[in-house]
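Residue numbers (our numbering), protein chains in the order written: chain A, -1 to 189; chain B, -1 to 189.
None of these hints come from the bench; they were simulated from the model. Treat the hints with care, as some may be off.
Just so you know, same-sequence chains aren't split out, so a pair can sit in one copy or run between any two.
Quick list of in silico lysine-lysine cross-link-like pairs, DSS-like style, CA-CA up to 27 Å [said to hold, decoys possible]:
hint, residue 1, residue 2
1, K82, K162
2, K80, K100
3, K100, K48
4, K80, K1
5, K82, K48
6, K162, K111
7, K111, K100
8, K80, K110
9, K100, K82
10, K133, K80
11, K3, K111
There are 2 protein chains.
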Amino acid sequence: MDKLKHRILTEGVALGSDRINVDGFINHRIDTSFMDEIGEEFARRFAGVKVDKILTVEASGIAIAVSAARYFGFCPVVFAKKAKPNTMNEGVYQAPCMSFTKQTLNEITVAKKHLSEGENVLIIDDFLAHGEASKALASIVEMAGAHVAGIGIVISKDFQGGKKALEDMGYRVETLASVAEMNDGNIRFAD
Amino acid sequence: MDKLKHRILTEGVALGSDRINVDGFINHRIDTSFMDEIGEEFARRFAGVKVDKILTVEASGIAIAVSAARYFGFCPVVFAKKAKPNTMNEGVYQAPCMSFTKQTLNEITVAKKHLSEGENVLIIDDFLAHGEASKALASIVEMAGAHVAGIGIVISKDFQGGKKALEDMGYRVETLASVAEMNDGNIRFAD
């Protein structure tokens, strides 16, 4: 997605050799019109794929998932929780997930009642680094006996291996911007 | 908003005397079409009010804020963070905020660069209990020299005092469903 790459280069900030700050338009301040375009682009990428539900993880994935859902017939969005609130007291699926940016290990949680056997679930997230969050989400989909329809990522840092690992597991991964390499504050895209 | 009240009564679960679980359509599984209607309703409530930006707090507020933003001319959404990620290393505004459902004290954080002096900021959130989150968000808006255009809440538990406290502070508060009383699993709306 050329417009996304352009914004990453002009508004994003490369931090060290492996982090990209896009908090001006994606994950702190949200450009809601651009987010709508991102949602539409995911629908284009996954055209012809049956999607019954979108699954993401709080917090940055929510805006993307909700914006995309509109273009998948207003399908429901479920977001996995990083901490179990005291209003969640029924059966849950859980999977361990290391946060790359926060360096914390979370047990991400989805209530069992919100995933159904046999449904087609599209996983959406903002970043793909080592693939921890997507792997955890995919394992939860499979625990439920549902099917991973695909994985849609806004920005993949391909050099950290997450994309390849997920593809090796048999998942279709669509990334709107794929970063092949970062050094000295420079970002080189894969294509 | 009658449709919201109906869904709270039919799909929500009253927990004890003061908690309502609406995780089937608002804050775990999101009914994205209904969320869009909620967003439109906020625009109706705040018609004629100048809104330059919407401010919420992660995670449940994000879907609501992004859905509403479309009806406020796709204005930007900023969501306050409950934990400071390692990609956030510039000046920040912070305010303490007790989470009612999680019983944890967070310091909510907004990067200074994402709020500007003089702009009109609409605060949006899913629940209003004691008003802790809205007060923290309002104090951050004021630290930035910006103006609180109003506070829009999906479900207010009026009996916990948050709505009155915010109105006493001079803020305009619009709540789509106001719960006057809860007991024995029964919910009574204020109007």
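Checked hints:
Neither within a single protomer nor between protomers do K82 and K162 lie at most 27 Å apart by alpha-carbon distance, with minima of 31 Å and 29 Å respectively. With identical chains, the CA atoms of K80 and K100 are at most 27 Å apart both within one copy (12 Å) and between copies (12 Å). With identical chains, the CA atoms of K100 and K48 are never at most 27 Å apart, being 34 Å at best within one copy and 36 Å at best between copies. Taking the closest pair of Cα atoms, K80 and K1 never come within 27 Å of each other, the shortest separation being 31 Å inside a single copy and 30 Å across copies.
Taking the shortest alpha-carbon separations for K82 and K48, neither the intra-copy value of 30 Å nor the inter-copy value of 37 Å comes in at or below 27 Å. Taking the shortest alpha-carbon separations for K162 and K111, neither the intra-copy value of 31 Å nor the inter-copy value of 36 Å comes in at or below 27 Å. Taking identical chains as interchangeable, the C-alpha atoms of K111 and K100 lie at most 27 Å apart only when they sit on different chains, with a minimum of 21 Å there against 29 Å within one chain. For the homomeric pair K80 and K110, the shortest alpha-carbon distances inside one copy (15 Å) and between copies (26 Å) are both at most 27 Å.
For a Cα distance limit of 27 Å, the shortest separation of K100 from K82 qualifies both inside one copy, at 18 Å, and across copies, at 8 Å. When the C-alpha separation of K133 and K80 is checked against a cutoff of 27 Å, the pair qualifies both within a copy, at 15 Å, and between copies, at 24 Å. Taking the shortest alpha-carbon separations for K3 and K111, only the inter-copy value of 22 Å comes in at or below 27 Å, while the best intra-copy value is 38 Å.
Violated hints, in rising order: 1, 3, 4, 5 and 6; the structure is consistent with all others.
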